[in-house]
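Since the structure of chain A is provided, determine the placement of chain B on it from the hints.
Top line first, the protein sequences correspond to chains A and B. Position one of the first sequence corresponds to residue 2 (my numbering), numbered consecutively onward. Position one of the second sequence corresponds to residue 2 (my numbering), numbered consecutively onward.
These aren't lab readings, by the way, just hints derived from the structure by calculation. Check before you lean on any hint, since a few could be wrong.
A pair holds if it fits inside one copy or across any two, identical chains being indistinguishable in the list.
Restricting the straight-line Cα-Cα distance to at most 25 Å, the calculated cross-link-like pairs of lysine to aspartate or glutamate (DMTMM-like) are [claimed, not checked]:
id : residue 1 : residue 2
1  : K333      : E170
2  : K336      : D112
3  : K83       : E364
4  : K328      : D160
5  : K201      : D335
6  : K328      : E364
7  : K336      : D88
8  : K328      : D112
9  : K238      : E391
10 : K329      : D112
11 : K329      : D160
This structure is a prediction, so every number in the text was calculated from the model and none was measured.
Protein chains: 2
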Amino acid sequence: MSSFFDLLEKSFLNYRGSTQSLYDLTYNMRLFKHNSDSFVKGTMDFNIIATDGNARRAIISTARGIINTPSFMPVGTLGTVKAMSQDELRDIGAEIILGNTYHLYLRPGLDVISQLGGLHGFMNWDRPILTDSGGFQVFSLSAFRKITPDGVQFKSPIDGSLHFIGPAEAMHIQGILGSDIAMTFDECIPYPATHDYAEKSVILTTEWAKKCREFQNPGQALFGIIQGGMYKDLRKKSTEEILEIGFDGYAVGGVSVGEPKEEMHEIIYFNGPLLPFEKPRYLMGIGDFVDMLNAVEAGFDMFDCIMPTSNARHGTLFTSFGRVSIKKTEFKYDKGPLDPECGCYTCRNYSRGYLRHLFQSREILAMRLNTMHNLYFYQDFFRKMRQAIEEGRFKAFKDHWYPVYDRTPVTEE
Amino acid sequence: MSSFFDLLEKSFLNYRGSTQSLYDLTYNMRLFKHNSDSFVKGTMDFNIIATDGNARRAIISTARGIINTPSFMPVGTLGTVKAMSQDELRDIGAEIILGNTYHLYLRPGLDVISQLGGLHGFMNWDRPILTDSGGFQVFSLSAFRKITPDGVQFKSPIDGSLHFIGPAEAMHIQGILGSDIAMTFDECIPYPATHDYAEKSVILTTEWAKKCREFQNPGQALFGIIQGGMYKDLRKKSTEEILEIGFDGYAVGGVSVGEPKEEMHEIIYFNGPLLPFEKPRYLMGIGDFVDMLNAVEAGFDMFDCIMPTSNARHGTLFTSFGRVSIKKTEFKYDKGPLDPECGCYTCRNYSRGYLRHLFQSREILAMRLNTMHNLYFYQDFFRKMRQAIEEGRFKAFKDHWYPVYDRTPVTEE
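Here chain A stands alone, though its shape is the one from the complex (with noise of 0.2 Å):
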């Protein structure tokens, strides 16, 4: 049982040095003063503090600290955010990370995690951690693999190995690694799949979600993850066996897996509402601000995705006024910072040109502070967007950032 003044302590250093609003500590010592009386360490409580249209500003409370709603979860594969500290992603305010079981259970391997400490422990990460339950990467980077009822045989990219992860196994990892918040075992299907192929998918994946909410283990939160592919009937039916087995929370998988935008907007706005109000909401793998900005509109909570990272090694940097390739010969002697507006350890100590210098000599120095500026930008744009759907403006904030990160060709009429 934590104390309420645990809970606060924790709530008190997970602001210290996080530039996180007034309002978030606000609120949070309020939902602290209310909660702590019934609040056990393992369960997961979800607070909505105001609604915008369909859009939430949540908080969800966890035995290792809060989370505040809408949130962007960077994706720490194998027990670290590439190119940050843990120090760094506590500075720049992430309060979740995400950690992926597939890779993790590959290597280093349950027998060193188990040993040190769990995910936590291993990495000396103090704050909530969410694994997704392997199915996505089992599907999609294994070199072979056999589906059957139980579960999914396949071989390690690293050594050849063969192993098998199914839903009771995939909880056992998930139950070792120690994560606050565990997925359930599905099948993500790719991009176009056959109506038929589809709902034998979604037939599976409910089994699967059922044996996981059976092998759930104690402590830890679980989340069910519906699919369906592109057709709305699929959803409908998957959304309906999801709840009626009965999650933590509820996320929508099997999206941005090569449809077309239009496509992906639909399935986002038709299966969000299909979620329960009271329940944390999360679009799985998304990371596009467009994507997020229509998420957010249809009610979701959560999301994860590499894009900040990943760009940030590639060289492109997310700004107030849009795309930026650091490479561009233009910033060879700019002095500036790389976007005025923006108060990440990068912007506010080292210039555009000396962030083109670092990119073009390979510099470990620019995966750093791209990588930096990268995720503050994410973490600062989801503290904007919160303080919008407090203030009841998330529609002005869409209208302002849409445009700024649409890709869609104009059309003129």
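Using the frame of chain A, we list chain B on its own:
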């Protein structure tokens, strides 16, 4: 004219976040009180605080801050000490770094650095910088080179373009870089070399040194470099000629070019005491602990080497109990810090098991944490050495560390 208070403030800023000994701080304050009135921007002051045999404990004062000697300078080849941020360099207590003239001249080029505020402004580093002259690199790295009495023509290894650097050019380039300490342009000969070749090279190096002295930039200290290969008569000749010209400090070059350790140590012990007592003595390119211990014993004050940074990126770490390869299987489940006696960020926060995993996975954080540790270890080693000299126990210090890092095979008698 810097005021006493400016200097004092700079001194305090330098110490914020570092773990340097109170001894250093006290000495600095006394020194500033003493020197503040006569201290002019661009000059360099050298004050010997304590001696222990030939070993010296001194302070170099520059307009950008002070350098406690004996001092180790991390190498920032391309305007970044690989894998480190400038704040991290300050935090580990680095008081001066080295920049490579040859590399910076080729990339990003002088136009960029001059427009972005010199090397200090470009990389946002406000403490002292020493630049080498590019001589060593022109000879060791260029694809094609032609030596004339005026300098060296060479091809850029980046794009094959033709360039010319001689003493006048080297001073011009270092003036634009704006380093606090510049080096003369010398010829560093390979090992082995004939007496005849070595002698010709000493003559050329002296001619070039004269020219450099003539072109010395106002407000920039200039150190003369002594050559002579492994020949004591030529070392003596070169030393006399370079001293005759007169510089702000003296450097011994041309060691660690492939010769056996015994020969190197003989030259170190021979050449060190030939240098004037009242000026800084810099042994170029040396970073092996055994070599540095001998060199400090011989009266050298300054060192630079890529050893800590380069080894870090290849998984070799320096500890209180010797060299460690982080790849070792025995670290797989090891919860302990890399070095229990180390106070660096890495050792305070992460386990051997985690460091091993990061390195095996080629994660950027591995390069960062390893580099941070090695550079901290070097800085800490020098802090302890300075204190040992102050307290008249350098011999005991050397006797403790020599066997920890001596790789000479032990001959049983």
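Here is how each hint holds up against the structure:
1. In the homo-oligomer, the alpha carbons of K333 and E170 lie at most 25 Å apart only across protomers (23 Å), although the nearest pairing inside one protomer, at 52 Å, exceeds that limit.
2. For a Cα distance limit of 25 Å, the shortest separation of K336 from D112 across copies, 13 Å, qualifies, whereas the shortest one inside one copy, 50 Å, does not.
3. Both within a single protomer and between protomers do K83 and E364 lie at most 25 Å apart by alpha-carbon distance, with minima of 15 Å and 7 Å respectively.
4. Proximity of K328 and D160 under a CA criterion of 25 Å is satisfied inter-copy only: 18 Å between copies versus 36 Å inside one chain copy.
5. In this assembly of identical chains, the alpha carbons of K201 and D335 never lie at most 25 Å apart, being 56 Å within a copy and 46 Å across copies at closest.
6. Taking the closest pair of Cα atoms, K328 and E364 come within 25 Å of each other both inside a single copy (13 Å) and across two copies (23 Å).
7. Taking CA atoms no more than 25 Å apart as the test, K336 paired with D88 passes between copies only; the shortest distance there is 19 Å, against 28 Å inside one copy.
8. Taking the shortest alpha-carbon separations for K328 and D112, only the inter-copy value of 17 Å comes in at or below 25 Å, while the best intra-copy value is 43 Å.
9. In this assembly of identical chains, the alpha carbons of K238 and E391 never lie at most 25 Å apart, being 33 Å within a copy and 79 Å across copies at closest.
10. Taking the shortest alpha-carbon separations for K329 and D112, only the inter-copy value of 17 Å comes in at or below 25 Å, while the best intra-copy value is 46 Å.
11. In this assembly of identical chains, the alpha carbons of K329 and D160 lie at most 25 Å apart only when taken from different copies (19 Å versus 40 Å within one copy).
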